[in-house]
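Below, each chain spelled out in residue letters.
2 protein chains.
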Amino acid sequence: VKKKKEAKGSLIIIGGREDKEEKMVILSEVARQVGKGKLCVATLASSIASDLWVIYRNVFRKLGVTHISHLDVVQRDDARDPACLRAVRGADAVFFTGGDQLRITSELGGSLVADEIAKIYEQGGLIAGTSAGASVMSESMLVGGPSDASYRGNSGVKMAPGLGFMKNVIIDQHFAERGRIGRLLGAISQNPKYLGIGIDEDTAIIVKGDEKLSVIGCGTVYVIDARGATESNISECDEDRALSIFNVKIHLLSQGDSFDIASRAPGHAKRQGAA
Amino acid sequence: VKKKKEAKGSLIIIGGREDKEEKMVILSEVARQVGKGKLCVATLASSIASDLWVIYRNVFRKLGVTHISHLDVVQRDDARDPACLRAVRGADAVFFTGGDQLRITSELGGSLVADEIAKIYEQGGLIAGTSAGASVMSESMLVGGPSDASYRGNSGVKMAPGLGFMKNVIIDQHFAERGRIGRLLGAISQNPKYLGIGIDEDTAIIVKGDEKLSVIGCGTVYVIDARGATESNISECDEDRALSIFNVKIHLLSQGDSFDIASRAPGHAKRQGAA
Numbered sequence: 011v012k013k014k015k016e017a018k019g020s021l022i023i024i025g026g027r028e029d030k031e032e033k034m035v036i037l038s039e040v041a042r043q044v045g046k047g048k049l050c051v052a053t054l055a056s057s058i059a060s061d062l063w064v065i066y067r068n069v070f071r072k073l074g075v076t077h078i079s080h081l082d083v084v085q086r087d088d089a090r091d092p093a094c095l096r097a098v099r100g101a102d103a104v105f106f107t108g109g110d111q112l113r114i115t116s117e118l119g120g121s122l123v124a125d126e127i128a129k130i131y132e133q134g135g136l137i138a139g140t141s142a143g144a145s146v147m148s149e150s151m152l153v154g155g156p157s158d159a160s161y162r163g164n165s166g167v168k169m170a171p172g173l174g175f176m177k178n179v180i181i182d183q184h185f186a187e188r189g190r191i192g193r194l195l196g197a198i199s200q201n202p203k204y205l206g207i208g209i210d211e212d213t214a215i216i217v218k219g220d221e222k223l224s225v226i227g228c229g230t231v232y233v234i235d236a237r238g239a240t241e242s243n244i245s246e247c248d249e250d251r252a253l254s255i256f257n258v259k260i261h262l263l264s265q266g267d268s269f270d271i272a273s274r275a276p277g278h279a280k281r282q283g284a285a
Numbered sequence: 011v012k013k014k015k016e017a018k019g020s021l022i023i024i025g026g027r028e029d030k031e032e033k034m035v036i037l038s039e040v041a042r043q044v045g046k047g048k049l050c051v052a053t054l055a056s057s058i059a060s061d062l063w064v065i066y067r068n069v070f071r072k073l074g075v076t077h078i079s080h081l082d083v084v085q086r087d088d089a090r091d092p093a094c095l096r097a098v099r100g101a102d103a104v105f106f107t108g109g110d111q112l113r114i115t116s117e118l119g120g121s122l123v124a125d126e127i128a129k130i131y132e133q134g135g136l137i138a139g140t141s142a143g144a145s146v147m148s149e150s151m152l153v154g155g156p157s158d159a160s161y162r163g164n165s166g167v168k169m170a171p172g173l174g175f176m177k178n179v180i181i182d183q184h185f186a187e188r189g190r191i192g193r194l195l196g197a198i199s200q201n202p203k204y205l206g207i208g209i210d211e212d213t214a215i216i217v218k219g220d221e222k223l224s225v226i227g228c229g230t231v232y233v234i235d236a237r238g239a240t241e242s243n244i245s246e247c248d249e250d251r252a253l254s255i256f257n258v259k260i261h262l263l264s265q266g267d268s269f270d271i272a273s274r275a276p277g278h279a280k281r282q283g284a285a
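Order-wise, the sequence lines are chains A and B. Counting in our numbering, the first sequence runs from 11 upward without gaps. Counting in our numbering, the second sequence runs from 11 upward without gaps.
Warning: the hint list may mix true and false statements.
In this list, chains with the same sequence are indistinguishable; a pair is considered to hold if it fits within one copy or across any two.
Derived pair list, reagent style BS3-like, types lysine-lysine, alpha-carbon separation capped at 30 Å [to be verified]:
hint	residue 1	residue 2
1	Lys222	Lys259
2	Lys259	Lys203
3	Lys259	Lys168
4	Lys18	Lys259
5	Lys259	Lys218
6	Lys259	Lys177
7	Lys203	Lys168
8	Lys48	Lys33
9	Lys203	Lys177
10	Lys18	Lys48
11	Lys129	Lys168
None of these hints come from the bench; they were simulated from the model.
Based on the sequences and whatever the hints tell you, model everything.
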């Protein structure tokens, strides 16, 4: 019998612009989890992939990671390339950089490389991602939508299928910094089964076995729960009709806070052991 | 016995940038409520007061208001000027333009002109305001704070005493457009007795007798209710510590929606009469 829960690895999902020079709280946690293992840095979301590779390779080296490979798929054909497979095979962790989330899923989706990455996670490894690399973590991902705007039928909120490591959530990044609460509220109003998770810059959630998340970094994580919403006009939001939705719950979490995904309950990581 | 509730007038609180050229849904409602009465346009928030006076005079004339006066206090001394008192005396409605909300309260607060305006409201008149003119409606008003940022101890959220027409709320304007949910969440976390009301541009709430609001215009009104919040670290938010607050309720209201302030319950204005 497959012990599904124990087999699963962990996720570190970062809201973008994580500190790479000073305290490096988030990248240190990635490095700590990688330990003596092999880390694959996947830059395929980016149009400046080789620059990002150099930046992250240097940072992770500084943080003590000794075994680092580079995955830079440019076209779907590359995902069959032996060099690409070598980059991920044997890795204990994969780190997805920022860029365009659709590049990640359109280049990797359904490929052997993607299967390898899924295997790393299923066997207890770490999948981390920042910015676009954060959005791809969910099954349904946000790929577009306005900044600083309430949701409307024509406001351009777009979704696509993600890599699916984290179930039942929709993740957004650069959250407060780019004024994205409007688009995330729109996305979860479409199906309140999905919990909205908006992550600020230099802030991350650590997810273990898809069940509990905890927050590190200097910003806020907004967990938006519309399951109890009593009314919404989302299906009538044509053209420039603005969204109505009543009784949505929102939790602001910061460093040291946690959230139980199954029970949808916030808590303090620090007080976990308290009576 | 003073029938307090019936004696009170109505408020139209606008999130800024209301349409002045096309459908003019909001300003038409102001004009409709003024009817054959006298409207005083108060431009004292603005540094371009005479320009605003010309713009609003022309718009309200176009909308059928025939009796329009101009209140332009520049210094506290002016608030004793007979011309200022004449502008407000006998008015059935006052419209506060945008600008800086602190100019309104610092120039008017405690003056005879302010007493006259309060009397207009108490006797059933209309007080309307847009942008800065919206913020001053509450007892405690937001006067500063960042755009596109989560609340932190040092993020510069500033409050001051407002004109106090609407009790138990804190109003913010240009809400989605300037990414202000972070600062409003911070403000209401300080005292969850206060309901946060964030109003988008070209969107307004109509408040009757301080008890019920309804929404007009093309954007969204965010009603944020932290009374049921289970935990918050606001009092420990020093320096750059980010805010945590759990179990906050949020309602997105749009045209046709209403909100009962006493029971804190959203509804549809249209369905009010339904069984």
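Discussion item. Tell me the numbers of any earlier hints that the structure contravenes, in ascending order.
Written reply: none
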